[in-house]
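J.: In the order they appear, the protein sequences are chains A and B.
With the working numbering applied, the first sequence corresponds to residues 1 to 155, in that order.
With the working numbering applied, the second sequence corresponds to residues 156 to 432, in that order.
Hints listed in this document are in silico derivations from the structure and should not be mistaken for laboratory results.
These numbers were taken from a predicted model, which means no experiment stands behind them.
From the three backbone atoms N, C-alpha and C, an ideal C-beta is built for every residue, glycine too.
Hints are all accurate, no fakes.
FRET-style restraints, in silico, Cβ to Cβ:
{"#": "1", "chain 1": "A", "residue 1": "Met133", "chain 2": "B", "residue 2": "Ile367", "range": "22 to 28 Å"}
{"#": "2", "chain 1": "B", "residue 1": "Asn393", "chain 2": "A", "residue 2": "Gly152", "range": "16 to 22 Å"}
{"#": "3", "chain 1": "B", "residue 1": "Ala262", "chain 2": "A", "residue 2": "Arg4", "range": "45 to 51 Å"}
{"#": "4", "chain 1": "B", "residue 1": "Gly407", "chain 2": "A", "residue 2": "Tyr92", "range": "48 to 54 Å"}
{"#": "5", "chain 1": "A", "residue 1": "Arg35", "chain 2": "B", "residue 2": "Pro245", "range": "50 to 56 Å"}
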Amino acid sequence: MRTRSLDHLICEHPFFAGLAREYCELIGGCARNIRIDRGGYLFREGEPADQFFVIRHGHVVLEIVAPGKGPLRFLTLGPGDIAGVAWLVPPYRWVFDAQAVELTRALAIDAGCLRDKAEQNHDFGYELMKRFMTLLVQRLHAAQLQMLDVYGSPR
Amino acid sequence: MAARADGASAPFLPRIARVRSRRRETHDTWSLALDAAGMAGEPGQFNMLYAFGIGEIPVSVSSDAAATGPLVHTIRAVGAVSEALAALRPGAALGLRGPFGTTWPLAEAAGGDLVIVAGGLGLAPLRGAIRRALAERGRYGRIAVLYGTRSPADILYRSEVERWRRLDVEVAVTVDHADQRWHGNVGVVTKLIGRAGFAAAHATAFVCGPEIMMRFTASALEAAGIAPARIHLSLERNMKCAVGQCGRCQFGGSLICRDGAVMRYDRVRPLLTIREL
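Modelling step: build the complete structure from the supplied sequences, incorporating the hints.
T.: Here is the structure:
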């Protein structure tokens, strides 16, 4: 069986759909394949956000611990999704936990490596930021809807 | 011949229905199965339910008139009338006018994929349509039922939703927040649209839920490729007479009770962002 290269996997992922091959190669150069068993964590609150994850299979839930309440889950991510945006801006620390709720396969992208390449090639960096900006706006809109509690009791 | 007190011939005269059974769905929501001979309602329609001495409210039909079984209304106890109705015990009487309003266009959807998106209590007006579609499974291509609600404890018709999951029906549920006991999806219902498998060019969508949720959902369905004329929403306004005479439920040039509650997205879209409506 032929093993697909990391840059091929990058180019085939929905988040990077339409990205130029050379840019996929740049990202692939910072990537490694990982697998997380059910219950394992991709990242935990407070730790350095030195990578992000391109989910290929499985599901991950974002959660935050509240004293006396245990972890509160607020977003499930699956194939086609990106886990982790805190690597984009200082202080580069995770503010949530990301736990695999089933066996999950992903590409882990070294954030420092990618930021360096984006600094060296601003066209690449801009292309990357456009995609992450779309993701951030979508997540912001979703978070606002959740915060509005539209399904709650009208009284 | 005695006049029939239904929505067509005696629209203001309630008929007496009796509660056959009462089932608690969530902490504030109950389903009443009614003995109401000759009174039913197609999926998408509503009846005016009258709690004697207290008042009358519109409540969607949650059963399928084509199937055997009682007329079912699911009621969230949020005000004086709905609390009184939801508290009725088996054998208790209530007044009923109807059925009124438009239906989910199930016949129009036949031959293509069917995408049903519900938010919160919005699953209640869609339950009859889902049951009908499952009973007539061969008429449709792929069927996707996407349901978003507040928390796992707020999932309506929980055991029935679990039964809807079968090999040829896609059922996805998401909640706004949950604790670690919940292993399902967390997030907004629009997120499920991108994951659902349907052929947008020939798909029809039925959407019901809070209006904010419906606006975002209709927009996401359109972005996924479903034509606005094939997206149908169930709208809600303050309905009183239910027959288009009092004007309380006016929505632009339409009256929700008479021209809705199920309406085409391409026709109502310009009105949905007018806050005075």
